[in-house]
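Turn these sequences into a full structure, and let the hints steer you where they fit.
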Amino acid sequence: MWIPGAATSKTPINSFISCLRPWTPTILAYALPLLDQIHNDPDRRYLALWRLGALGNRGVEPATVLVTLLRYARDPNQQTRFWAVEGLAMLGTTESIGPLLSIMAHDPARQVRERAAFNLARSGMLTGEQRLTAVPQLLNLLDDDSLAPATRDLVCASLQAITGASFGKDPDAWREWWAHHDRPERTRHVPKGLLFA
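The opening residue of the sequence shown carries number 2 in my numbering; numbering runs sequentially from there.
No lab work stands behind these hints, which were simulated from the structure alone. Quick reminder that beta carbons are idealized off the backbone N, C-alpha and C, glycines included. Any given hint could be a false lead.
[Said to hold, decoys possible] Mimicking DMTMM-like on lysine to aspartate or glutamate, the simulated pairs with C-alpha atoms at most 20 Å apart in a straight line are:
#1 170 x 130
#2 170 x 145
#3 170 x 154
#4 170 x 146
#5 170 x 96
[Stated by the list, open to error] Beta-carbon label-pair distances, calculated as ranges:
#6 99 x 146: 44 to 52 Å
#7 154 x 95: 20 to 28 Å
#8 109 x 176: 26 to 34 Å
#9 141 x 44: 37 to 45 Å
#10 33 x 169: 21 to 29 Å
#11 151 x 99: 17 to 25 Å
#12 167 x 41: 40 to 48 Å
#13 79 x 174: 28 to 36 Å
#14 48 x 169: 16 to 24 Å
#15 109 x 48: 20 to 28 Å
#16 44 x 75: 17 to 25 Å
#17 103 x 123: 32 to 40 Å
#18 124 x 45: 33 to 41 Å
#19 181 x 41: 35 to 43 Å
Pasting the structure below:
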């Protein structure tokens, strides 16, 4: 299939299109309108970033989707960065974990940092095993004195949600626990009023 200007244009849309293989009508039917919205329609860009992540999660060029989402995760517009983070969460690949960690620690907007933390811990399409791979870096962030207190709170909340353990902001206690655990704690839910014999 020939798309006019795809080989010669340097726009993000045509760069993405040139990477899409195979040229199936289904892929093009979903990807092209999203890419057009992302690049040319700032008012509709936000939801399109989320949808692009979901499309990548379904196997449509996840590496190229990641590159596109990372480009918009550095956008000057806070809402664009927020929705790029949502797209990374929907993408749900192991490769999206590092960028989410970096955004959680360093994005200038509190709302964007919070979404990155929440997406690492509970939301999006990451599996439990994938989330556990973030724990060593979260422990490193817990040791980072340059982080704002609110960001350190996000790190602690993410650690607790991912592991099921709770050691507050004590990096030594977390590291000691992590040395003996590489999977989430199993919390036991006991319905109110149920007694054990």
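Cross-check of the supplied hints:
1. Between residue 170 and residue 130, the direct Cα distance comes to roughly 23 Å. Violation of the 20 Å bound is thereby established for this hinted pair.
2. A distance of roughly 11 Å separates the Cα atoms of residue 170 and residue 145; the hinted pair therefore holds under the 20 Å criterion.
3. A hinted pair counts as satisfied when its Cα atoms are at most 20 Å apart, and residue 170 with residue 154 qualifies at roughly 8 Å.
4. Distance restraint check for residue 170 and residue 146: the Cα-Cα separation of roughly 12 Å lies within the 20 Å cut-off, and the hinted pair is therefore satisfied.
5. Pair hint residue 170 plus residue 96 does not hold up; C-alpha atoms about 27 Å apart against a cutoff of 20 Å.
6. The beta-carbon spacing between residue 99 and residue 146, approximately 21 Å, falls outside the hinted interval of 44 to 52 Å.
7. A C-beta distance of roughly 26 Å is found between residue 154 and residue 95, which places it inside the suggested range of 20 to 28 Å.
8. Checked against the hint of 26 to 34 Å, the pair residue 109 and residue 176 passes, with Cβ atoms roughly 29 Å apart.
9. Evaluation of the 37 to 45 Å hint for residue 141 and residue 44 yields a pass: the beta carbon distance comes to about 39 Å.
10. Distance hint check: the CB atoms of residue 33 and residue 169 are about 49 Å apart, inconsistent with the given range 21 to 29 Å.
11. Judged by the Cβ atoms, the range 17 to 25 Å given for residue 151 and residue 99 holds: they are separated by roughly 22 Å.
12. A C-beta distance of roughly 47 Å is found between residue 167 and residue 41, which places it inside the suggested range of 40 to 48 Å.
13. For the pair residue 79 and residue 174, the beta carbons lie near 35 Å from each other, so the given range of 28 to 36 Å is met.
14. Range check, residue 48 to residue 169: Cβ separation about 37 Å, and the 16 to 24 Å hint is violated.
15. With their beta carbons about 23 Å apart, residue 109 and residue 48 fall inside the hinted range of 20 to 28 Å.
16. Between residue 44 and residue 75 the C-beta distance comes to about 20 Å, which sits within the given range of 17 to 25 Å.
17. Between residue 103 and residue 123 the CB atoms are about 19 Å apart, so this pair departs from the stated range of 32 to 40 Å.
18. Evaluation of the 33 to 41 Å hint for residue 124 and residue 45 yields a failure: the beta carbon distance comes to about 22 Å.
19. Look at residue 181 against residue 41: about 52 Å separates their beta carbons, and that is not inside 35 to 43 Å.
In this structure, the earlier hints numbered 1, 5, 6, 10, 14, 17, 18 and 19 are contradicted, and the remaining ones agree with it.
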